[in-house]
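For chain A, the structure is supplied; the task is to place chain B on it using the hints.
First to last, the protein sequences are chains A and B. Reminder that position 4 of the first sequence reads as 31 in the numbering used here, one-by-one numbering, no gaps. Reminder that position 75 of the second sequence reads as 102 in the numbering used here, one-by-one numbering, no gaps.
These are calculated hints, taken from the structure and not from any lab test. This structure is a prediction, so every number in the text was calculated from the model and none was measured. Just so you know, not all the hints are guaranteed correct.
For identical chains, the list gives no copy identity; a pair is met inside one copy or between any two copies.
[Said to hold, decoys possible] Here are the simulated lysine to any residue pairs, SDA-like style, with alpha carbons at most 25 Å apart: (1) K29 - L274; (2) K278 - A30; (3) K32 - K278; (4) K457 - V356; (5) K117 - K425; (6) K32 - M276; (7) K457 - P210; (8) K278 - S38; (9) K156 - F454; (10) K156 - P210; (11) K157 - R402.
Spelled out from the first residue to the last, the chains are:
Protein chains: 2
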Amino acid sequence: MKARKILLSESEIPDKWYNIMADLPNKPLPPLDPGTGEPIGPEALAPLFPMALIEQEVSTERWIDIPDEVRNIYTMWRPTPLYRAYGLEKALDTPAKIYYKYEGVSPSGSHKPNTAVPQAYYNMKEGVKKITTETGAGQWGSALSFACQHFGLECEVYMVRLSYDDKPYRKIMMNTWGADVYPSPSNRTEAGRKILAEHPDSPGSLGIAISEAVEAAVSSETTKYALGSVLNHVKLHQTIIGQEAILQMEKAGDMPDIVIAPFGGGSNFAGLSFPFLRLNLEGKTNIRCIASEPASCPKLTRGVFRYDFGDTIGMTPLFPMYTLGHTFVPAPIHAGGLRYHGAGIIVSQLLRDDLIEAVSHNNPEVFEAGIIFARSEGIIPAPEAAHGIATVIAEAKKCKEEGVSKTILFNLCGHGNFDMKAYQDYFEGKIEDHELTDAEIKASLAELSTPEIP
Amino acid sequence: MKARKILLSESEIPDKWYNIMADLPNKPLPPLDPGTGEPIGPEALAPLFPMALIEQEVSTERWIDIPDEVRNIYTMWRPTPLYRAYGLEKALDTPAKIYYKYEGVSPSGSHKPNTAVPQAYYNMKEGVKKITTETGAGQWGSALSFACQHFGLECEVYMVRLSYDDKPYRKIMMNTWGADVYPSPSNRTEAGRKILAEHPDSPGSLGIAISEAVEAAVSSETTKYALGSVLNHVKLHQTIIGQEAILQMEKAGDMPDIVIAPFGGGSNFAGLSFPFLRLNLEGKTNIRCIASEPASCPKLTRGVFRYDFGDTIGMTPLFPMYTLGHTFVPAPIHAGGLRYHGAGIIVSQLLRDDLIEAVSHNNPEVFEAGIIFARSEGIIPAPEAAHGIATVIAEAKKCKEEGVSKTILFNLCGHGNFDMKAYQDYFEGKIEDHELTDAEIKASLAELSTPEIP
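Isolated chain A, as found in the complex:
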């Protein structure tokens, strides 16, 4: 019997996160103060984040210790299994060898607790009482609810209205872990009221929800804010995924030619790929790392690289990133976690330097991929994860056409147990292609008034 899962013991959970900033050939440009246009210092982030996280945000140390308290909570689901996808390989009749790292075994069902736990921990250590955040599909919000509950913190979640209505049970999950959840845009913040005044039926977006959560955080001294992706420290925490995966690939006596992950703000992609990119940057490997984004929100494949806000209202510093413009409201696709206008700073720099690749998939293709996977591997993937699977299938088919056996590794970042309405819509023929026209992208970018990058 061929082994299907490659497992690690708890003692093999890495004790350090990998900080790719130490190894980047070109460091990213600094964030700017939108008022002065000058680079901001770490202190500008102090109203939002505890100092320990700000230090990680700007650190260029290669390895950063994982506190024992965090590793102890990681053992609730980590190390996560690495699967050889025998079923999918057979279904595709491909010579490719396909592996996936399965992050859906966490209590909230995705990779998000990898950063929610350390974020809650550092906030607790610095005396914070409450954390506010945004959530799209609910993966991040539920992860933070779980983490806050463990460290005795209150948690207030602004959930994109589209997902709030589509995925009511995500809200109950957050309640079960003690969090308060509000649909965004809400009447609780000025940002929310402003959007509602202009668009009373707004389905919301991650950008809007971030504006609300940030506003709610800065209004109290003992409240801070937490972000589930985009920022450097978030990506840092997720590198536990790729580090484990390297150990597991070594145990399997294999090494990927291609590494694939879905792309929203970048934490999922960074988590799996950065440790492999380290091997590339050290000249040891030449692994293709591919980010999979929705055709309805194609910042990497069709956006511009320039300074932009992280939120819709414009409350954050300006970040150098691939963006569709901070006022862009993505189509209401079910992959709520990918409905974000911009890409994280480091990933943007990597793409600009041609160190990674990006592809996009339209919505029906994504769900077809999800169904193929569910029927061949058993696990029903979250719609976000199904984007990565669509890329895997495309690459595996290429292997078949070319008659070559490549090794493909992807991040199955979460299960779809809370996304069944999406599959219901698919079975009822309601999944539409929301690919953007050139004119739509041009119109969105025309609204950008932030500094261009030469």
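Chain B only, in chain A's frame:
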């Protein structure tokens, strides 16, 4: 850092199921033909089940080989982890050591695929094209959908209407694996039409859904029926749980004083406890094995031991079991998997012989236990599983009162990702106590006209 999970490798998946029939001091009475009152032979079951399963049903061999094809699919989620519940121990401030076997890591999220996979396999081997079944909360129906899909069989599921309405996403899950799902009672069968004529608003029950699935199976030569609990072969397949748990407890250097599992038809309880009962029967241990049932459906604690039908209409043979009467319709509690009027044959005999114990819990107590667990261990338990947790908490509190440290092992048979409406009802104060009065039980049993057992 103390290890939280005790893991096994895939090569440690047992290659035999344990058949407790070989070791029972008193063999159960035979099933009877309801028409003649005479014991039935295996051939009476042939319209419903493939011969391989009928042989297992009546076998008295101690060990039965697990086919390689089945073990290969087991590796998709097995071996399942055994957790030391440090979080729960701390929350309860108990000297007890608490462990749980977590079966929720399977694709469908419960222990049910352990038997769904071999049942689909043996049907496929004997040329069956389609399997019908019933499902309560949807755990069994989704497990069988998953299993049938892997062996290329059609699957037709009759889902108790109460659960069909409460858990719509379970239906979509079954559809995702290619099954057809109908609410029961339905208009598709005579049994369903009969119930609907009398009770147009019937919430359904497992007994009714079994009648429908059995009727649908016998109406076609290439269609068979599958049951998710109660019968001997189902319990047999589930013993993989307890066998793995013994290996894992040995690795932990520990052995339980008390083994606890929720009780619906008995497969969950049997799966964990039978391998430990073998140790008891061999005189090696003296482990208390406790079945946890709902106070609204207390066949073990308040039912009678006599011959009764397995279904509501009376289509099955008569089985010797603890029962509340086959026409009993349990209150609409959220633990749909426990809403069954009777107990499996072997478990009934074990209880009659005082080799196991049973307790019941009322509904609010069960959800309080579920919340305590979700907040201390992260995993949100299915309402069925929360019944077992309620017993664990009661025993752990007893340890604290008595100042003794006992080792408790329980079966966390499934996660609650598809049961969030139940938790919503709990938060909204809608979880009611449905404990039966003596008069209600007397009235239900008065309708029984099946043979008494001396």
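To see whether the hints hold, each was checked on the structure:
1. K29 - L274: The answer is both: 19 Å in one copy and 22 Å across copies each meet 25 Å.
2. K278 - A30: both (11 Å within a copy, 21 Å between copies)
3. K32 - K278: both (11 Å within a copy, 20 Å between copies)
4. K457 - V356: Classified as within: same-chain Cα gap 20 Å, cross-chain 38 Å, threshold 25 Å.
5. K117 - K425: within (15 Å within a copy, 53 Å between copies)
6. K32 - M276: both (11 Å within a copy, 22 Å between copies)
7. K457 - P210: Both: 24 Å inside a copy, 23 Å across copies.
8. K278 - S38: both (15 Å within a copy, 15 Å between copies)
9. K156 - F454: Only across copies: K156 and F454 sit 23 Å apart there, 44 Å inside one copy, limit 25 Å.
10. K156 - P210: within (22 Å within a copy, 47 Å between copies)
11. K157 - R402: between (42 Å within a copy, 17 Å between copies)
The structure agrees with every numbered hint stated previously.
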